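Use these hints to put chain B onto chain A, whose structure you have.
2 protein chains.
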Amino acid sequence: MNTYDKFISRAGIAMRESAIRQMGTVLAQAKDMISFAPGYPAEDAFPWSAFAEMAASLFDGSDGSVLQYGPTRGFKPLREACAALMTSRGISSVVERIVVTTGSQQGLDLLARVLVDPGDVILMELPSYTGAITAFRNVGASLVGVRQDDHGVELDHLDDTWQQASSSGHAVKFLYLVPNFQNPTGRLLSLERRRAILEWAERRDVLIVEDDPYRDLYFPDVTEEHETRPIAADDHDGARVIYLSSFSKTLAPGFRVGWMSAPAAIAGKLELAKQAEDLCTGGFDQRVAYEAWRSGLLARHVPTLRTLYQHKRDVMAATLAREMGDRMRWIDPRGGFFLWAEITSLTDCDTLLRHARTHGVIFVAGSAFYVDGTGQQTLRLSFSAPSPERIEEGCKRLARAMDDALAQKRSVGSLEEL
Amino acid sequence: MNTYDKFISRAGIAMRESAIRQMGTVLAQAKDMISFAPGYPAEDAFPWSAFAEMAASLFDGSDGSVLQYGPTRGFKPLREACAALMTSRGISSVVERIVVTTGSQQGLDLLARVLVDPGDVILMELPSYTGAITAFRNVGASLVGVRQDDHGVELDHLDDTWQQASSSGHAVKFLYLVPNFQNPTGRLLSLERRRAILEWAERRDVLIVEDDPYRDLYFPDVTEEHETRPIAADDHDGARVIYLSSFSKTLAPGFRVGWMSAPAAIAGKLELAKQAEDLCTGGFDQRVAYEAWRSGLLARHVPTLRTLYQHKRDVMAATLAREMGDRMRWIDPRGGFFLWAEITSLTDCDTLLRHARTHGVIFVAGSAFYVDGTGQQTLRLSFSAPSPERIEEGCKRLARAMDDALAQKRSVGSLEEL
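Residue numbers (the numbering used here), protein chains in the order written: chain A, 142 to 559; chain B, 142 to 559.
Treat the hints with care, since some could be wrong.
Pairs involving identical chains hold if they fit within one copy or between any two copies, as the list cannot separate such chains.
[Said to hold, decoys possible] Think about it this way: if two alpha-carbon atoms lie no more than 25 Å apart in a straight line, the pair counts; the simulated SDA-like pairs of lysine to any residue are:
(1) Lys147 <-> Asp258
(2) Lys147 <-> Ala312
(3) Lys537 <-> Val456
(4) Lys147 <-> Leu284
(5) Lys147 <-> Arg278
(6) Lys147 <-> Gly260
(7) Lys217 <-> Glu184
(8) Lys550 <-> Ser508
(9) Lys550 <-> Asp489
(10) Lys147 <-> Arg345
(11) Lys147 <-> Asp378
(12) Lys147 <-> Gly281
(13) Lys217 <-> Glu158
FYI, nobody ran anything at the bench for these hints, they're computed from the structure.
These numbers come from a predicted model, not from an experiment.
Bound conformation, chain A alone (with noise of 0.2 Å):
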């Protein structure tokens, strides 16, 4: 066959790769390249000594069920521990509702599937997370961007866009939001807006998909933990908001663990589309998980990792300021794993990045993140996995690299002229 064009359903034809996924390829393939581009989080922090002793413990077979197949919902003492965490974070949660996910972006799948019919429209930020455009995209969800200012999503153009939806007869399902540290702005969603939001949502009556991977990463010279409150806290109800949240950023990736809470009906979809996805989350992951909380590695953990991400954004503003002078502006991040900045001596990040990778460094276009088609002039930077000296370094080749591409500017430029 040449073809299988015929065999492909619309979902599969609409399918496109992520542009971090592609710059993961990039990497791949490349020495020496110094990597802002995917959201990693430090190899070297994770705790592997601790990860050792549990996994000889759980491996010792004394409990055969460490290995098999387990309930779709997940491991309870997990799902409890969640719950905890969630209590925690001051939100009154309950164990019922909660359904243990292989990582947040399996979530994020499932409410798309479970919520989302072709045509139906999802509110999200202008920028956005791609993971979660992506799964939104592949059910057939017309995704439409809300501006953000420096505190978050901005209330009229949300409701505009609602407005806008509504009288042109779609659904509006919900709104998506990262309100900790957004990916990819870093951004904090200030605790005033927060409110707005939930009163906004219970008038319009649209759920709000609340996303909160890097809640426990706020810097401590800059931000309190009160200032994380999640959404879901003033939920009293718990009807309204959909809270996901993880283990990746915090413990590591590689296990494939994270959590959401949802109103039971939901929830009881969500646990039905999970079935079908991959049946249960990997039981020794969980237990890791779960370990990893209940010995209070977890809660031991957090600060150190607060500390080393608050140590890299400081070496990496402090280098960008230094080299790029006026050429670049960004946002000076108050927790998490990105630098989410606007060049404003050029005309778009594509040109930059290009000769980016010649000089050994990469990053992230930052149109990729808008649903709108905008962003030209943003990248996003991440901090999170290379070493202090990697980031200067990257730092470095970066401003080198946009005196290539202003040069080169110049040079077409001065071309134009004659």
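Below, chain B alone, put in the same frame as chain A:
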């Protein structure tokens, strides 16, 4: 909110709980219940100490990528191992076509999404694996059953169903088959029939999805290895058959690792669908599967599993023959986990199942495996998980349940005669 109906998608509304997973719930709630329901591998046969050794080495911190996000297609050495396993099964395989999946279940789900539009026809054996039925139903496929005789799918009926579906304007996307020790019948598709099916698929331009998780678990007393030759082995350019297999039955399902091989154009789409579903399969799990192959553990371990499950089959078959007499007949399993039975003295298995639960034994009523609503007199008994002693005791309980069910039938019958 009292109801979330307005938020649920059409796909979500249509989702139904699998009969097998329901039985899992029954089992979790009951003490001393003997379960012949889910097809769980024997936990005491997992190579625990080998896993512990692998974990000690993989968690020594020398290779950070073990617990990092990884390529969506899978850990490259594992993909090479999967290709080598396929070669050892007679299939000329190339790494570029292989996608590692979070268990084979994910492979089925990805295929459904990438290949099937609502209303498209999938042809399946009568009966067939419920996990496949669920995954295919979740994308709105129209499932059409094909009858089986002792050698597997009946070719005349296969072509009749194809003609009927095609003439009514539906696209027939693929034929789904479990040729080796089928779930649920335990049947081995004859080699002659395999070749004829491949020729038929070429002629009718239909893809074949060959699901092969039980291949290694043939019973040497009645099956020779060459009889398990996959259909994909005769698909010389690899253009017609999509092949799935798994480490869940030969290592442990708690590591969620399976794989699939598909024509390049389809494999690319599967990768994109997987990106949105879970980004990647667990890094540690993939290394364990790879190490088990590389070290020779897998090759050494599989023969012991054959002997173990063959013995369990012996115990179940002998006990049923002694206790059930002619009230039940079954297919003698030549490999795998399942004994497929038919009750000859009752009108339906649900009655038997009700009594069986009272006696402390459960199984899956066969109708769950039929996409055409038939199979009321059939049942699937899994002999894989319980010990030989429990298998014997469970069969005795089942016979007592049969006594009760028949007594009830006679008493209802005599009332009706009044």
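Right, here's what the structure says about each hint:
1. Lys147 <-> Asp258: both (23 Å within a copy, 11 Å between copies)
2. Lys147 <-> Ala312: between (31 Å within a copy, 9 Å between copies)
3. Lys537 <-> Val456: within (12 Å within a copy, 71 Å between copies)
4. Lys147 <-> Leu284: between (27 Å within a copy, 19 Å between copies)
5. Lys147 <-> Arg278: Cα proximity of Lys147 and Arg278: in one copy and across copies (21 Å, 20 Å).
6. Lys147 <-> Gly260: both (23 Å within a copy, 15 Å between copies)
7. Lys217 <-> Glu184: between (28 Å within a copy, 19 Å between copies)
8. Lys550 <-> Ser508: For Lys550 and Ser508, only the intra-copy Cα distance (20 Å) is at most 25 Å; the inter-copy one is 70 Å.
9. Lys550 <-> Asp489: Answer is within; shortest intra-copy Cα gap is 11 Å, inter-copy 79 Å.
10. Lys147 <-> Arg345: between (42 Å within a copy, 13 Å between copies)
11. Lys147 <-> Asp378: between (48 Å within a copy, 19 Å between copies)
12. Lys147 <-> Gly281: The answer is both: 19 Å in one copy and 18 Å across copies each meet 25 Å.
13. Lys217 <-> Glu158: Between copies only: 19 Å across, 35 Å inside.
In the structure shown, no violation is registered for any of the earlier numbered hints.
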